[in-house]
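Spelled out from the first residue to the last, the chains are:
Protein chains: 2
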Amino acid sequence: MGNDTFLKACRRQPAEYTPVWLMRQAGRYMKEYMAIREKHSFLEMCRNPELACEVTLQPIRAFDLDAAIIFADILLPLEGMGIDLEFAKNEGPVISNPVRTRKDIDAVRVINPAEDVPYLIKAIQMVRKELNGKVPLIGFSGAPFTLASYIIEGEGSRNYVHTKKLMYEDPESWKVLMDKIADVVIVYLEAQADAGAQVLQLFDSWVGCLGPDDFKKFALPYTKKVIDAVKKKGVPIINFGTNTGTYLDLVRQGGGDVIGVDWRVRLDDAWKTIGYEHAIQGNLDPVVLFGPVKEIRRRVKEIIDMAGGHAGHIFNLGHGIVLGTPVDNVRAVVDSVHEFSGK
Amino acid sequence: MGNDTFLKACRRQPAEYTPVWLMRQAGRYMKEYMAIREKHSFLEMCRNPELACEVTLQPIRAFDLDAAIIFADILLPLEGMGIDLEFAKNEGPVISNPVRTRKDIDAVRVINPAEDVPYLIKAIQMVRKELNGKVPLIGFSGAPFTLASYIIEGEGSRNYVHTKKLMYEDPESWKVLMDKIADVVIVYLEAQADAGAQVLQLFDSWVGCLGPDDFKKFALPYTKKVIDAVKKKGVPIINFGTNTGTYLDLVRQGGGDVIGVDWRVRLDDAWKTIGYEHAIQGNLDPVVLFGPVKEIRRRVKEIIDMAGGHAGHIFNLGHGIVLGTPVDNVRAVVDSVHEFSGK
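Here the protein sequences come in this chain order: A and B.
Going from the first sequence to our numbering is simple: count from 1 and add 31.
Going from the second sequence to our numbering is simple: count from 1 and add 31.
If you are wondering where the hints come from, they were derived from the structure by calculation, not from laboratory data.
Take the hints with a grain of salt, since some may be wrong.
Which copy? The list can't say, so a pair holds if one copy fits it or any two copies do.
[Unchecked claim] Straight-line distance between alpha carbons at most 20 Å, and here's what the computed SDA-like set of lysine to any residue pairs gives:
hint	residue 1	residue 2
1	K196	K325
2	K255	I305
3	K303	D280
4	K255	L281
5	K247	L107
6	K196	P357
7	K196	G351
8	K263	G339
9	K120	S188
10	K248	D299
11	K165	L88
12	K303	L281
13	K303	N143
14	K262	Y150
15	K303	P243
16	K211	M112
17	K196	I327
18	K196	R328
19	K160	N143
20	K153	G111
21	K325	S204
22	K374	A338
23	K374	A93
24	K196	L354
Bound conformation, chain A alone:
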């Protein structure tokens, strides 16, 4: 491994400097990405290992990043689960057969990754070969609650009415669904580790719609089930939720070597709440990247200072890169993280 700062930080070992990667680092803000995207649909790109590999490597070539993340979508397992997924023109997912009844739930299948997502396995193998040890490769999955809310709502949602209705009206069926989704996430992540992913991240993008007691009862047990099973593979796991800053003590109970945090908490407060026996990932507001470079650098330094020199800080945004982010400002983040942490 040419650059193992990221792996070291995941394991809370002292690294030479603070490693940095950025959620959605491969994406529409890059002209190299758009050149491919103009010729292929988003799902075509995900399902074509050559294209997925190419797009994964684009930000690694463009910036001095310390990790790559496989180009994929958290909804890729849905097809194998028997759920019809399409992406509308604006790239928003739409499901024509949302899961809302017990009958729907019973029909959901646990995937077989070799059959259902062979392209992803292939893409991971290709990227590992291409990277040739330059930086580690991250595999990922949606966390059970976020996958459940997608397949129940059938599209992006503001209030998650169908999801919460199922939770409150029929907690038994909720459990059946969540156990099944957890089983999907387990085999999906295991297959990625077997294919060569060196770190795994769980994205719980929508779980922040739950209050703390609902999180504890309806989401946490299934994230914990996934992490307890997958950690046997021996690769570090990052547990990231958005908008969960009011109950990081509960998020931590889900497990994971690294807890990812968004920008609604100060990194120093967050790490104190989570505890220094976990590494931490985060947490620059992605919209700061639309500001002047001077302000970006000031905030990068502030976050590095808040990490206080403890081993185990991975610099990242608090959420994915936003469409329209200036490429030069992405570079400013990456380079200033390194500059301020002694590279």
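Chain A is fixed; fit chain B onto it per the hints.
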């Protein structure tokens, strides 16, 4: 005043039982509302004192609520500020001349309520007369950050890129704009108090997109400016923000007799953080109202128990009533709050 439990709770005086009102208690979930809405646009309803009065009173007739809130929209002051506001078919606001440059900011006017929102003043006077002391009437305004983000973005936003860009690139112009908006909010709320509003609520619906340090620097001083000025009117003020649970200590610094909290925090933890020298308002997840009555009642009781019998708890949802909420479940909330708090 026939029922002063709400006013007592605002002032942290012991009340006979826990008072309850619900954000967006007048709205599309009621058939009486829809009967009027079918004949008039949303803005027509706001600008017609008879209709606004009628719609304000509908939930008071239908449920045993302890307060009325004037039917209005947080964007009503925009017209007088020189900003063109329309509501699209889905009731989402659209602004054709968003405020983004220093020139735009300099052109923003501070309103004269008697000239710019005479219909609102009239509606408040009518409602007070109709209520005839049955329950107190709440007036309200958007908080400065939320109004700023609307007039800068020009429509609903996911990432608030234009708003944050202005903050980061030109903090001086941000200050000019926010001071001007604070001045608008001050005269707008003062006019409502003069017209007869007995309590005033500030809604900071979008401020939760800010991290704690940005909140402190770019939003808090202007909320504080408003509250410091308006409190001279002698009516209690409710300071409510959404998605601010990670920095309630800062929200509290903005002032207000009552701090409103959403459902992402436990009420007991929130009140401890805020301190018992403030009353608290909240915080049932509005989507719980789509669940079974048994579960609604259980959660209402849980929140009342978390208030721990301290004087100064006003029961409310953690956000507005969601479209499609069953009317019977709204009644179940109101009645069970009273039942469990000894009415």
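Copy assignment of K325 with S204, given that the CA separation must stay at most 20 Å:
between (52 Å within a copy, 18 Å between copies)
With identical chains, the pair K153 and G111 could be close in the same copy or across copies; at 20 Å between alpha carbons, which is it: within, between, both, or neither?
Intra 17 Å, inter 60 Å, cutoff 20 Å: intra-copy only.
Please work out whether the CA atoms of K196 and G351 approach to 20 Å or closer within one copy, between two copies, in both situations, or in neither?
between (29 Å within a copy, 17 Å between copies)
My question is about K303 and P243: at a cut-off of 20 Å on alpha-carbon distance, are they close within one copy, between copies, both, or neither?
both (19 Å within a copy, 16 Å between copies)
Up to 20 Å between alpha-carbons, please classify K303 paired with D280: within, between, both or neither.
both (10 Å within a copy, 17 Å between copies)
Under a CA distance limit of 20 Å, which applies to K303 and L281: within one copy, between copies, both, or neither?
Both ways: K303 and L281 sit 14 Å apart in one copy and 19 Å across, limit 20 Å.
Which holds for K247 with L107 at a C-alpha limit of 20 Å: within a copy, between copies, both or neither?
neither (26 Å within a copy, 40 Å between copies)
K263 and G339: within-copy, between-copy, both or neither at 20 Å Cα
Classified as neither; 31 Å inside a copy, 44 Å across copies.
Given a CA cutoff of 20 Å, do K303 and N143 count as a within-copy pair, a between-copy pair, both, or neither?
neither (40 Å within a copy, 49 Å between copies)
Check K374 against A93 for me: Cα-Cα at most 20 Å, and say if that holds within a copy, between copies, both or neither.
Classified as within; 18 Å inside a copy, 67 Å across copies.
Status of R328 relative to K196 across identical chains (alpha carbons, at most 20 Å):
between (44 Å within a copy, 15 Å between copies)
Evaluate K255 and L281 at a C-alpha cut-off of 20 Å and name the case that applies: within, between, both or neither.
For K255 and L281, the Cα distance is within 20 Å only inside one copy (11 Å; across copies 33 Å).
Consistency with the previously given hints fails for numbers 5, 8, 13, 14, 19, ordered from lowest to highest.
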